[in-house]
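Given only the sequences and the hints, what does the whole structure look like? Please build it.
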Amino acid sequence: MKTILVDAWNTFITKDGIHQELKMLLDGYPNEKIIVTNADKEELISFGIVNMPYPVFSLSHKPNKTNPEYFKTLLLEYNLSTENVLYFEHNEKAIASAQSLNINSFWLETGSPLNDLKLFLDSNL
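If you want the working numbering, it's the position in the sequence shown, counting the first as 1, plus 550.
None of these hints come from the bench; they were simulated from the model. Possibly wrong hints are sitting among the right ones.
The calculated DMTMM-like cross-link candidates involving lysine to aspartate or glutamate, where the alpha carbons are at most 25 Å apart (straight line), are [as the list claims (entries may be wrong)]: (1) Lys565 <-> Glu592; (2) Lys573 <-> Asp590; (3) Lys668 <-> Asp566; (4) Lys668 <-> Asp577; (5) Lys552 <-> Asp566; (6) Lys552 <-> Glu633; (7) Lys583 <-> Asp566; (8) Lys643 <-> Glu633; (9) Lys612 <-> Asp666; (10) Lys612 <-> Glu592; (11) Lys583 <-> Glu593; (12) Lys552 <-> Glu592; (13) Lys583 <-> Asp666; (14) Lys668 <-> Asp590; (15) Lys591 <-> Glu619; (16) Lys573 <-> Glu593; (17) Lys552 <-> Glu619; (18) Lys643 <-> Glu592; (19) Lys583 <-> Glu627; (20) Lys612 <-> Glu627; (21) Lys583 <-> Glu633; (22) Lys668 <-> Glu571.
Remember, predicted model here, so these are calculated numbers, not experimental data.
Laid out in structure tokens, this is it:
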């Protein structure tokens, strides 16, 4: 079963807290979810990326998601392969980084409706 990699800041978590509509969508899938972020410990707290409903993965900007090494490390840590993950994110450079490793990725523009994300997940899970 594929794992869903969930962008943290400005996607799953905003200044208003967890994006509840997105959480409801994700909770409709039995797949494991991992929240991915660049945040260091202080940023995790200040951005409210604490007590999350899914595991949180960060390398504290060493490197950021825009560097493919971030995703290589994540895959190793969770014993995942590129074929067994889906990723969605608001940052196009992070999407390009993941895609350079053949991670099936979806660009979710900040504030856009979730219909296309649902289609992406339904088509690829």
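Now for the hints, and whether the structure bears them out:
no. : hint              : result
1   : Lys565 <-> Glu592 : holds, 15 Å
2   : Lys573 <-> Asp590 : holds, 23 Å
3   : Lys668 <-> Asp566 : holds, 22 Å
4   : Lys668 <-> Asp577 : holds, 12 Å
5   : Lys552 <-> Asp566 : violated, 29 Å
6   : Lys552 <-> Glu633 : holds, 8 Å
7   : Lys583 <-> Asp566 : holds, 21 Å
8   : Lys643 <-> Glu633 : holds, 20 Å
9   : Lys612 <-> Asp666 : violated, 31 Å
10  : Lys612 <-> Glu592 : holds, 15 Å
11  : Lys583 <-> Glu593 : holds, 21 Å
12  : Lys552 <-> Glu592 : violated, 31 Å
13  : Lys583 <-> Asp666 : holds, 18 Å
14  : Lys668 <-> Asp590 : violated, 30 Å
15  : Lys591 <-> Glu619 : holds, 20 Å
16  : Lys573 <-> Glu593 : holds, 21 Å
17  : Lys552 <-> Glu619 : holds, 21 Å
18  : Lys643 <-> Glu592 : holds, 24 Å
19  : Lys583 <-> Glu627 : holds, 14 Å
20  : Lys612 <-> Glu627 : holds, 15 Å
21  : Lys583 <-> Glu633 : holds, 15 Å
22  : Lys668 <-> Glu571 : holds, 11 Å
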